[in-house]
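Colleague: Letter by letter, the chains look like this.
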Amino acid sequence: MSKVSHSKSTYLEWYRLMVLIRKFELKSAQMYGQQKIRGFLHLYSGQEAVIAGTMSAIEKQDKLITAYRDHGHALAVGVSANECMAELYGKATGCTKGKGGSMHFFAADKNYFGGHGIVGGQIPLGAGIALADKYQENNAVTFCYMGDGAVRQGALHETFNMAMLWKLPVVFVVENNQYAMGTSVERTTNVLDLYKIGSAYEMPSEPIDGMDCEAVHESIEKAAKRAREGDGPTFLEMKTYRYRGHSMSDPGHYRTKEELKSFREDDPIGKVKVTILKKKYATEKELTALENEQDKLVEESVEFAENSPYPSADELHKDVYVGDYPFLK
Amino acid sequence: MRTVQFREAIREAMQEEMRVDDSIILMGEEVAEYNGAYKVSKGMLDEFGEKRIIDTPISELGFGGIGVGAAMNGLRPIIEYMTFNFSLVGIDQIINNAAKMYSMSGGQIKVPIVFRGPTGSAGQLGATHSQNFENWFANTPGLKVVVPSNCADAKGLLKTAIRDDNPVIFMESEQMYGMKGEIPEIEYTLPIGKARIDQEGSDVTLVSFGKFMRIAENATKALSEEGISAELIDLRSVRPIDYEAVANSIKKTNRCVVLEEAWPLASISSEIAYMMQEMVFDYLDAPIKRVTSPDVPMAYAQTLVDAYLPDTKEVVEAVKTVLYS
Numbered sequence: 023m024s025k026v027s028h029s030k031s032t033y034l035e036w037y038r039l040m041v042l043i044r045k046f047e048l049k050s051a052q053m054y055g056q057q058k059i060r061g062f063l064h065l066y067s068g069q070e071a072v073i074a075g076t077m078s079a080i081e082k083q084d085k086l087i088t089a090y091r092d093h094g095h096a097l098a099v100g101v102s103a104n105e106c107m108a109e110l111y112g113k114a115t116g117c118t119k120g121k122g123g124s125m126h127f128f129a130a131d132k133n134y135f136g137g138h139g140i141v142g143g144q145i146p147l148g149a150g151i152a153l154a155d156k157y158q159e160n161n162a163v164t165f166c167y168m169g170d171g172a173v174r175q176g177a178l179h180e181t182f183n184m185a186m187l188w189k190l191p192v193v194f195v196v197e198n199n200q201y202a203m204g205t206s207v208e209r210t211t212n213v214l215d216l217y218k219i220g221s222a223y224e225m226p227s228e229p230i231d232g233m234d235c236e237a238v239h240e241s242i243e244k245a246a247k248r249a250r251e252g253d254g255p256t257f258l259e260m261k262t263y264r265y266r267g268h269s270m271s272d273p274g275h276y277r278t279k280e281e282l283k284s285f286r287e288d289d290p291i292g293k294v295k296v297t298i299l300k301k302k303y304a305t306e307k308e309l310t311a312l313e314n315e316q317d318k319l320v321e322e323s324v325e326f327a328e329n330s331p332y333p334s335a336d337e338l339h340k341d342v343y344v345g346d347y348p349f350l351k
Numbered sequence: 002m003r004t005v006q007f008r009e010a011i012r013e014a015m016q017e018e019m020r021v022d023d024s025i026i027l028m029g030e031e032v033a034e035y036n037g038a039y040k041v042s043k044g045m046l047d048e049f050g051e052k053r054i055i056d057t058p059i060s061e062l063g064f065g066g067i068g069v070g071a072a073m074n075g076l077r078p079i080i081e082y083m084t085f086n087f088s089l090v091g092i093d094q095i096i097n098n099a100a101k102m103y104s105m106s107g108g109q110i111k112v113p114i115v116f117r118g119p120t121g122s123a124g125q126l127g128a129t130h131s132q133n134f135e136n137w138f139a140n141t142p143g144l145k146v147v148v149p150s151n152c153a154d155a156k157g158l159l160k161t162a163i164r165d166d167n168p169v170i171f172m173e174s175e176q177m178y179g180m181k182g183e184i185p186e187i188e189y190t191l192p193i194g195k196a197r198i199d200q201e202g203s204d205v206t207l208v209s210f211g212k213f214m215r216i217a218e219n220a221t222k223a224l225s226e227e228g229i230s231a232e233l234i235d236l237r238s239v240r241p242i243d244y245e246a247v248a249n250s251i252k253k254t255n256r257c258v259v260l261e262e263a264w265p266l267a268s269i270s271s272e273i274a275y276m277m278q279e280m281v282f283d284y285l286d287a288p289i290k291r292v293t294s295p296d297v298p299m300a301y302a303q304t305l306v307d308a309y310l311p312d313t314k315e316v317v318e319a320v321k322t323v324l325y326s
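Residue numbers (my numbering), protein chains in the order written: chain F, 23 to 351; chain R, 2 to 326.
Chain F on its own, in the form it takes in the complex:
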């Protein structure tokens, strides 16, 4: 349990955001089933506490970057459900005008430097964003997310080395949902505790209960403070779990129903709800109303996406270069 007490508004915001993400992802899966959404779709269900606990602990000027399981982060920084759903539909009103798709959400105006499709490719980018902030003395911290699979990429090791050497204001957050697609952590490494990898670079590193908003918040707050004070990066291993397959095409045969059940019993949304009710921050009825609001937003997002236009063919040659470019025809 948390030693720090959080305010009523923080709990209610955690609850709102996590419910929104959970419902959005549920709806995404449903629309994927109806073939309204195509391509790869990686759902964040189960991991919501990681981003919710982050958002309450960071400052407005801070930056976020993550991998391809990126819908939750986008919703968290304030990209509307409409823009997110429209992007999944490949519509012109999506958060990247239908160009990025599920794996490549961006919102520059909200300091969201994207979802990135190549495993581990965003790790050096996160350090680079931090380098620019340090250079420009912006007092901003970059939060760079990755999955447990990305920890095995060389990009992580090269970046950790330089981020420590230059004391960059970046916090590396591995969302260890225990499976790199269908391969468990145990089957890919001798070092099961991912956070220990940070110690090779003398980077402050610790394991965190990623199913608990309070624990996430505390660790992020501490790491952000360290980064802002010029003491460099932190590596946080958020132990979490995804309820769905790696992507929609993954039936998840590599794990047992019992395992999934045990994590669902530790559900981050359920836990926050218990606390809210116990502390009398809201009644069941009020929480139901809050849930219904999120339902409505998600339902509206589907309607918005359905009614939005597809990008026109001439968009293909736009946004490729800044300025004019003589494309081959």
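You may find that some hints are simply not true.
[To be verified] Some residues of chain F that are not near chain R, with every Cβ distance over 10 Å (derived): (1) GLN57; (2) THR210; (3) ASP288; (4) ASP289; (5) LYS301; (6) LEU309; (7) TYR332.
[Claimed, not checked] These stretches of chain R come out as covered by chain F in the derived footprint (C-beta under 8 Å, 3 or more residues): (8) 58-67; (9) 101-107.
Since the hints were made in silico from the structure, they are not lab data. Backbone N, C-alpha and C define an ideal beta-carbon position, used for all residues, glycine too.
Dock chain R against the given chain F, drawing on the hints supplied.
Modeller: Showing chain R alone in chain F's frame:
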């Protein structure tokens, strides 16, 4: 005009731009305290300090990506590769991130970055250190690829590359760093995508770029002694390519030879030949011929290096083939 070395022309371009734009940094292996593996950045640490001239560990994937991230967030990094052979361990960051960020983000995030360093062979360095990837990078939308052949072009084009809001690959040559040439006294820039007519001629169009312009120039001289007038075109950039310049020349000469250091398959010369048959088919009096390195890795032994690299004689023979003489 004044005379400088090729490395000095490149250095001057970086220095001049860095003096007026604080957002420019230079990162790479040995660029700071060692003064550059090839002394291109000599004196820059003293002038700009360690905040802006940054030595990196041997981590091309890491520092390439850190450069891209910094470019996404307001800086204009220049990333130096000791050679583009080493860029391959970090090419993911160039192809998947630098080249695609602007497009994938729907125009929200630009990546103003220059990746520069030497390309091509440089003596008996063996297979891994003697490669040309101009066509690899040129194949990728989102990038611009500049390959200067002389001091004046190097300075003017690099200044433009640094000011460009798109990622630019800027490919130099170890063997050219000591080469001297004249550059204007006053400040100047050159546009990316405009070829240069190195020498006017009427019998054949000879197209090349980068270090191999020396071979092309020597071939042009040799041909002239035999009464053959070659028009020599320096592409200067291979993405975009100034096809019009080549096509206009072929309209005059009706014959064309393309010379480059890369391997033949899917090379810049293949591209030129394809585009010219499309643009000026009716003007061509002979199939376009190309002179490239052979379709094998470079080897170490001097005899094999000599056998590998195209030379003046090969170019002269190719010209004679298209002239049916």
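Colleague: All hints, please: hold or fail.
Modeller: A quick look at each hint next to the structure:
1. GLN57: Since the minimum Cβ distance to chain R is about 23 Å, F/GLN57 lies beyond 10 Å and the statement holds.
2. THR210: 20 Å, holds
3. ASP288: 34 Å, holds
4. ASP289: Correct as stated: the minimum Cβ-Cβ distance to chain R is 33 Å, above 10 Å.
5. LYS301: Given a closest Cβ separation of 39 Å, the condition holds.
6. LEU309: 35 Å, holds
7. TYR332: Non-interface label stands for F/TYR332: nearest chain R Cβ at 14 Å, farther than 10 Å.
8. 58-67: holds (count 8)
9. 101-107: Holds, because 6 residues of the stretch 101-107 of chain R bring their Cβ atoms closer than 8 Å to Cβ atoms of chain F.
Comparing the model with each numbered hint stated earlier shows that all of them hold.
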